[in-house]
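Position one of the sequence shown corresponds to residue 2 (our numbering), numbered consecutively onward.
Since the hints were made in silico from the structure, they are not lab data.
Mixed in with the good hints there might be a few duds.
[Claimed, not checked] Simulated restraints on C-beta separations:
| hint | residue 1 | residue 2 | range |
| --- | --- | --- | --- |
| 1 | Lys57 | Leu19 | 24 to 34 Å |
| 2 | Ser14 | Lys57 | 30 to 40 Å |
| 3 | Leu15 | Cys50 | 41 to 51 Å |
In this text, all values refer to a predicted model and were calculated from it rather than measured experimentally.
Yeah, the Cβ is synthetic: ideal placement off N, Cα and C, and Gly gets one too.
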Amino acid sequence: MMVSWKHCLFTVSLITALIFVFVYNNELWEEKHFLKASLSNASLLAQVCHQIFKGKVFYPRENALKTTLSESSCYEYVAQSHYITETLSEEEAEFPLAYTVTIHKDFGTFERL
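With the sequences and hints as input, model every part of the structure.
Structure, rendered in structure tokens:
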């Protein structure tokens, strides 16, 4: 009689531990999956924030690394990307070449920075 009680206790403990590990791993995977999504698009970021405030979890359905240049006008692209379009100081206005960044490859990487 004592053996069956110990056997039942062991079985229940094992099942409980397996359920805990399964649930914990699922939560970790979901967090990692969410963190992998790069949110460079301002409208996508706004959508994510709105859903988070509602208490929902956001998983992008498409590649979040795309730029919006193909989907909008040049003016909208500059506004959404938060590019600085005016000089910030007198020095910059007097010598603008010193504050120019030239990009010859990997524009997507630069844009995400």
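Given a hinted range of 41 to 51 Å, is it respected by the beta-carbon distance of Leu15 and Cys50? 42 Å, holds
Between Ser14 and Lys57, does the beta-carbon spacing fit 30 to 40 Å? At roughly 35 Å between Cβ atoms, Lys57 and Ser14 fall inside 30 to 40 Å, so the hint holds.
Do the beta carbons of Lys57 and Leu19 sit within 24 to 34 Å of each other? 29 Å, holds
The structure meets every hint from the earlier list without exception.
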